[in-house]
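*Asks:* Given chain F's structure and the hints, the job is docking chain E onto it.
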Amino acid sequence: MHRFANPAQFNRLADVVLPWAIGLTVLLSVAGLYYALFSSPPDYQQGESVRVMYVHVPAAWMGMFVYMVMAAASFTALVWRHPLALLAGKAAAPIGAIFTALALITGMLWGKPMWGTYWVWDGRLTSVLVQFFLYLGYMALWQAMEDEEKAGRAASILALVGVVNIPIIKFSVDWWSTLHQPASVMRLDGPTIDGAMLVPLFLMAAAYQAYFVVVFLWRMKLEINNRKLSVMRQASLQNTETQMEVAG
Amino acid sequence: MAGLKTRKKQRLLVVSLAVASLMGATLLILLALGGDSLSLFLQPSDVKAKQVAAGQHFRLGGLVETGSFARAEDGLTYHFSVTDCAATLSVEFKGLLPDLFREGQGVVTEGALNTDGVFIASTVLAKHDENYVPPGTMPKSADQCVHPDAQAAADAAYSGR
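Order-wise, the sequence lines are chains F and E.
For the first sequence, my numbering assigns the number 1 to the initial residue and increments by one for each residue that follows.
For the second sequence, my numbering assigns the number 1 to the initial residue and increments by one for each residue that follows.
The following block holds chain F by itself, in its conformation from the complex (with noise of 0.2 Å):
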């Protein structure tokens, strides 16, 4: 572990993994929308309104994933302060509203025609939608101070805090009466999507997860390269400095 929490270190296996992740990520989209919009059946009481799934549900899944990635990260930057996880977190956190955003809206659209409403307040749509604002608030903790060491203590603690909101999304079906259908495919006596819809799916979350492999190392070299800038431009103002007071 604490040989990858050196910046050199991870720049050297993020750059290994890169070119990797990316030709995954559009095999598995080429190959998952091609199965999700041409070769998979209609739904028998959706029609083909039931392609808006493949781009739902593992856009929901991330949503989630990503929370936890995020959260992790800040735990380990709370109890370890290992420089990298404050940076995994924030770099993590953009990604997961971006899933979130994408499951909420594309569940919306499908709403409208199936359900008769784009949105009702039940236990699934909004506990999703209350995960979308704790990614928001952790973005805006970490702008919201000067000092990026307080503001991403105050931006972890919030990541954790939002952990309970994870069961909360899971079971919201479970316990409470909604709109939303139950669980289709992790529920204890096994998936009722047939499975010439579960391959479509299945793929779709595996272009999701290699995408987020992709973006997230970027932006975590992105996080670090910044963290080298800022301390090279002070370096060389202090430098500037002390021959400013040698000339004088």
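Treat the hints with care, since some could be wrong.
[Claimed, not checked] If you want a taste of the chain F side facing chain E, the calculated C-beta under 10 Å gives, among others:
(1) S40
(2) M53
(3) W121
(4) P167
(5) W176
(6) L179
(7) S184
(8) P191
(9) D194
[Claimed, not checked] Straight-line distance between alpha carbons at most 25 Å, and here's what the computed SDA-like set of lysine to any residue pairs gives:
(10) K112/F to G95/E
(11) K112/F to L97/E
(12) K9/E to V163/F
(13) K8/E to F10/F
(14) K9/E to A154/F
(15) K94/E to Q46/F
(16) K170/F to V19/E
(17) K112/F to E103/E
(18) K5/E to A72/F
(19) K221/F to A72/F
(20) K8/E to M68/F
(21) K5/E to A154/F
(22) K8/E to E148/F
(23) K8/E to L84/F
(24) K150/F to L12/E
(25) K9/E to L158/F
(26) K170/F to A32/E
(27) K94/E to W121/F
(28) K50/E to W121/F
(29) K9/E to H82/F
(30) K150/F to K9/E
(31) K94/E to P113/F
(32) K170/F to S21/E
(33) K9/E to R153/F
(34) K170/F to L22/E
(35) K112/F to R59/E
(36) K150/F to L4/E
(37) K112/F to K94/E
(38) K150/F to R7/E
(39) K94/E to G117/E
(40) K8/E to I157/F
Derived by calculation from the structure, the hints in this document are not laboratory data.
As the structure is a computational prediction, the values presented were derived from the model and not from experiment.
Glycine included, each C-beta is placed from N, C-alpha and C at the ideal position.
*Replies:* Using the frame of chain F, we list chain E on its own:
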């Protein structure tokens, strides 16, 4: 170095305890609130058990009973029954029904009971279940409430579009 290690252990303990107690507190609050206040709708047997008064606004959810759907002479008013197996309520609705509205499938309606015990709905939303299968395939987790002919009706409705 020993001091650094203890401080890390202390932080680990504090942060873990804080997260765990927050989780516990939230789940206890949700448990204390109970399912009713956080649920979107009441099922027909809840309505009977609570003896909801006429005129009181609430959401009613359940399955549209097979064979109960009828369109009134004016062509705009619909009558159907919502059931949860244990109890059934008659519903009257004037308006547009959503695409997924089918006999044997779920609905969530909003409105109030009239003095005759008929639920006068102002909105009807279709509730999709957890099954995703191609047309002509039997859904895997068929609700025991769904009558055997619901599948045939659903298939007819699908191919008829």
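*Asks:* Could you tell me which of the numbered hints above are not met by this structure, giving the numbers in increasing order?
*Replies:* none
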